[in-house]
Amino acid sequence: MKCVIDAKGLDCAALNERLRRAEGRIEISGCLGQRFLAAGMSGKTIAISGVPGNALGAYLNGGEIRVRGNAQDAVGDTMNDGRIVVEGNIGDTAGYAMRGGKIYVRGNAGYRAGIHMKAYGDRVPVMIIGGKAGSFLGEYQAGGIIAVLGIGCPDRPIVGSFPCTGMHGGQLFLRSDCKGVVFPDQVSVGRATERDLARLQPYLAEYCALFGLDEAGILDAAFVVVTPDTGNPYKQMYVAN
Amino acid sequence: MSGRQIIEAMRPMHDRSNGLGGGFAAYGIYPEHSELYALHCFFDERATRKSCELFLKERFEIVRSEIIPTRKTAAITDSPVIWRYFAAPLRSVQDAMQLDEEEFVVRTVMKINSEIPGAYVFSSGKNMGTFKAVGFPEDVGEFYCLEEYEGYCWTAHGRYPTNTPGWWGGAHPFTLLDRSVVHNGEISSYDANRRSIEMFGYRCSLQTDTEVITYIFDYLIRVQGLTLGEAAGVVAAPFWSTIAGMTDAAEREQHRFLRMTFPGLLVTGPFSIVLGYTGGLMALNDRLKLRSMVVGEKGSRVYIASEEAAIRAMEPDAERVWAPAGGEPVIINVKEGCL
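Order-wise, the sequence lines are chains A and B. Residues are numbered in the working numbering as their position in the first sequence, beginning at 1, plus a constant of 360. Residues are numbered in the working numbering as their position in the second sequence, beginning at 1, plus a constant of 6.
Just so you know, these hints were derived from the structure itself, not from any lab. Wrong hints could be hidden among the right ones.
[As the list claims (entries may be wrong)] Lysine to any residue pairs mimicking SDA-like chemistry, simulated, CA-CA at most 25 Å apart: (1) B:Lys-341 with B:Glu-156; (2) A:Lys-368 with B:His-20; (3) A:Lys-539 with A:Phe-583; (4) A:Lys-595 with B:Phe-245; (5) B:Lys-341 with B:Gly-305; (6) A:Lys-368 with B:Glu-153; (7) A:Lys-539 with B:Thr-248; (8) A:Lys-478 with A:Pro-593; (9) A:Lys-539 with B:Phe-245; (10) B:Lys-304 with A:Arg-428; (11) A:Lys-368 with B:Glu-14; (12) A:Lys-539 with B:Asp-254; (13) B:Lys-56 with B:Ser-98; (14) A:Lys-368 with B:Asp-145; (15) A:Lys-539 with B:Ala-255; (16) A:Lys-539 with B:Glu-257; (17) A:Lys-404 with A:Leu-379; (18) A:Lys-362 with A:Phe-571; (19) A:Lys-368 with B:Cys-344; (20) A:Lys-539 with B:Pro-330; (21) B:Lys-304 with B:Gln-11; (22) A:Lys-368 with B:Val-301; (23) A:Lys-595 with A:Arg-555; (24) A:Lys-368 with B:Gly-25; (25) B:Lys-304 with A:Gly-390; (26) B:Lys-132 with B:Ile-68; (27) A:Lys-404 with A:Ala-382; (28) A:Lys-478 with B:Leu-294; (29) B:Lys-63 with B:Trp-89; (30) A:Lys-478 with A:Tyr-419; (31) B:Lys-304 with A:Ser-389; (32) A:Lys-362 with A:Met-401.
Given only the sequences and the hints, what does the whole structure look like? Please build it.
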C-alpha cells in the first residue's frame, strides 16, 4: 500500500499529523522546510521529495526515512532507532546525540556531524557519509561508529578542521591517509586494521547496497581509525580533579 | 526584483521567528532620489516628529518629507509614526563641523537615536531603505506594501528575541548609511564590542546586539578603509592556531596584523550575517559556524539563506547550493553597469 502526501501548504504540525495517520509506504512530495518531520515516530517507511526542514527524524524510534535530495540541519537529533538515508548532502549537526539507529548520507555533511553520538548496551549508532565532512566531525563522540568515505573527492583532506575534538568513546573511520589533518592529543589515530574494518564492514555493505556502490572498491583504500586515547585522558582541562 | 518574491521566501521560514520582529532592506528602490539620503524614521508621537524635524532642518535640506506607505493589517499593531525624508546635508553646517558628508550623516543619526527620546533613524542610505516592525516578516512585508518596490538586492529577517525586548527599533536589518545587517545568532562578545566601538563615536541605543555589527562594519570599511574581506578577517578572525598553520607568509602576517590591530572588534558567539551595501552583499558565519548558512545560484541571481528551503521557495531549480565554511566571507557584487 502506498500513501502519497502533498506537503504544499502544510505546516510542520499538519504534515506530521498526516504522517502519524498514514500507513504503508509513505511518499511526501513538495516538501519545503517543514521541521521535525517524523519526530519520535516508529515503524514508518517514508520517502521525501523536496527539502525537509531542520530536525528531520528527531527522536526517531524506528522505521526508515529516505530523502531524495538534500537534508538540512540536525537530522536524527537524539534518534534512538531506525534508519535515515539521504541521497544528497546533509546540513550541520547531523545525528546530534544519536544513541541508536543509522544515518547514511550519499553526499557531503556540514559541520559537527555525529556530535555527541553515544552508545548504550546493544545500541550502537552508525553514521556513514559518502563524500566529505565539515569541521568538528565527531565532536564529543562518546560511542558508536562514524565513517567518512570521501568518494569522488579528489581534493584532500576529506574532513574540515578540528575533527574528534573532545572524543571520549566510539570509533571514527576516515577513508583517507589523513595527511595534513590535525587531531587532538587525546585521541589515537592509526591505520585501520582488518579487525577494525570488520566492525565497519556490515554497515558499509548495507550502505553500498542502498546506493548501488561497489563495496570491494571502496574497501580497497587506506582507512584511518580514530579512538580515544585512554592513556592520555582529559584531565585537569578545567579543574584539578 | 519585487518585494513580493522576498515576502514569499520568508513564509516557509515562519517557524524560525516568533512574531517579535521582521524586516527587509532593499537596494535600488529610490532611483528618482538616488543622490539624496533616504532617512527612514520611527517617532513615538507627532510632537516627536515635529521636534526631530526642526533638528534635521538645522543640518539638512529636506527635499521630500512623507509618511512611509503602509496598509492596515490585523497582524501588525501599535505602529509608531513611520516617516521618511529625502535629504541633502547642508554644506555650510557640514564644513563648519569639519566633517566629510558620510561622517556628518552618521553623527546626525547617532545624535537623534541617542538624544531625542522617541525618535529613531533606522535607515540612512542612498537609493536603499530598511523596512521593519514587530511581527512576522511576511506580515511586515505586507504591512509596508513591499510588492510596490523594485530593487536589485534584498535582505530579509525574522526575529526570535531571546535576551532583549522585541520592539520596532530592535527588528533587523540594522542600517547605517547604506550598510545593513541581518543576523541569526547572538553575540557573546557584545559588551566588549560595544565598549570598543563607542570609543569611535558610535552609540549603541537600540537595545540589542546586532546593531554593533553594523557599526563595526561601518568603522572598518568606511573609516579605516578595509576591504570587505579584511573586515571579515577582523569580525570572524581565524584562531591563532589556524593563523600559525597558514603556509602563505603574507596571508599569515595579514591575519596576525588584523587581530592585533582590532582585537575589540572580533565578534564571538554564534552568528550568520548578511551585510548589504550599495552594489552587493557579503555573507559571513562565525568561525566556529554555530549558525547555518546556505548559498545557491540560478542564472544571474544569487541567493543566501539560513536554510536551503528558503532558497528553493524563491528558486526551486537553484544550482550550486553550498554551505560556506565558518569565517569564510561570501562576497557577491552586482555586475558592473547594472546599478
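Status of each hint after checking the structure:
With a CA separation close to 17 Å, the supplied pair Lys-341 (chain B) and Glu-156 (chain B) stays within the 25 Å bound. With a C-alpha separation of about 15 Å, the suggested pairing of Lys-368 (chain A) with His-20 (chain B) holds against the 25 Å cut-off. Taking the CA atoms of Lys-539 (chain A) and Phe-583 (chain A), the gap is about 12 Å. The hint holds against a cut of 25 Å. For a cut-off of 25 Å, the pair hint linking Lys-595 (chain A) to Phe-245 (chain B) stands: about 23 Å separates their Cα positions.
Among the hinted pairs, Lys-341 (chain B) with Gly-305 (chain B) is consistent with the structure: their alpha-carbon atoms are about 13 Å apart, no more than 25 Å. Between Lys-368 (chain A) and Glu-153 (chain B) the CA atoms are separated by roughly 23 Å; this keeps the pair inside 25 Å, and the hint holds. Taking the CA atoms of Lys-539 (chain A) and Thr-248 (chain B), the gap is near 16 Å; set against the 25 Å cutoff, the hint holds. Proposed proximity of Lys-478 (chain A) and Pro-593 (chain A) is supported: the alpha carbons are some 18 Å apart, at most 25 Å.
Proposed proximity of Lys-539 (chain A) and Phe-245 (chain B) is supported: the alpha carbons are some 21 Å apart, at most 25 Å. Restraint check for Lys-304 (chain B) and Arg-428 (chain A): satisfied, since their Cα atoms lie roughly 21 Å apart, inside the 25 Å limit. Restraint check for Lys-368 (chain A) and Glu-14 (chain B): satisfied, since their Cα atoms lie roughly 13 Å apart, inside the 25 Å limit. Restraint check: the Cα-Cα separation between Lys-539 (chain A) and Asp-254 (chain B) comes to about 19 Å, which is no more than 25 Å; the hinted pair holds.
For a cut-off of 25 Å, the pair hint linking Lys-56 (chain B) to Ser-98 (chain B) stands: about 23 Å separates their Cα positions. Taking the CA atoms of Lys-368 (chain A) and Asp-145 (chain B), the gap is about 20 Å. The hint holds against a cut of 25 Å. For a cut-off of 25 Å, the pair hint linking Lys-539 (chain A) to Ala-255 (chain B) stands: about 21 Å separates their Cα positions. The straight-line distance between the Cα atoms of Lys-539 (chain A) and Glu-257 (chain B) is roughly 22 Å, inside the 25 Å bound, and the hint therefore holds.
Restraint check for Lys-404 (chain A) and Leu-379 (chain A): the C-alpha separation of about 8 Å stays at or below 25 Å, so the hint holds. The hinted pair formed by Lys-362 (chain A) and Phe-571 (chain A) meets the criterion: a straight-line CA distance of about 22 Å does not exceed 25 Å. Among the hinted pairs, Lys-368 (chain A) with Cys-344 (chain B) is inconsistent with the structure: their alpha-carbon atoms are about 35 Å apart, more than 25 Å. Restraint check: the Cα-Cα separation between Lys-539 (chain A) and Pro-330 (chain B) comes to about 23 Å, which is no more than 25 Å; the hinted pair holds.
Between Lys-304 (chain B) and Gln-11 (chain B), the direct Cα distance comes to roughly 15 Å. Compliance with the 25 Å bound is thereby established for this hinted pair. Between Lys-368 (chain A) and Val-301 (chain B), the direct Cα distance comes to roughly 23 Å. Compliance with the 25 Å bound is thereby established for this hinted pair. For the given pair, Lys-595 (chain A) sits about 30 Å from Arg-555 (chain A) by alpha-carbon distance, which is inconsistent with the 25 Å threshold. Using a Cα cut-off of 25 Å, the hinted pair Lys-368 (chain A) and Gly-25 (chain B) holds, with the two alpha carbons roughly 22 Å apart.
Of the supplied pair hints, the one linking Lys-304 (chain B) and Gly-390 (chain A) holds, its CA atoms being roughly 20 Å apart against a limit of 25 Å. The straight-line distance between the Cα atoms of Lys-132 (chain B) and Ile-68 (chain B) is roughly 14 Å, inside the 25 Å bound, and the hint therefore holds. Distance restraint check for Lys-404 (chain A) and Ala-382 (chain A): the Cα-Cα separation of roughly 9 Å lies within the 25 Å cut-off, and the hinted pair is therefore satisfied. The straight-line distance between the Cα atoms of Lys-478 (chain A) and Leu-294 (chain B) is roughly 22 Å, inside the 25 Å bound, and the hint therefore holds.
About 15 Å separates the Cα atoms of Lys-63 (chain B) and Trp-89 (chain B), which keeps this hinted pair within 25 Å; it holds. In summary, the hint linking Lys-478 (chain A) to Tyr-419 (chain A) is supported, as the alpha carbons are separated by about 14 Å, within the 25 Å threshold. In summary, the hint linking Lys-304 (chain B) to Ser-389 (chain A) is supported, as the alpha carbons are separated by about 22 Å, within the 25 Å threshold. This hinted pair checks out: Lys-362 (chain A) and Met-401 (chain A) have alpha carbons roughly 18 Å apart, not beyond 25 Å.
This entry does not satisfy hints 19, 23, going by the numbered hints stated previously.
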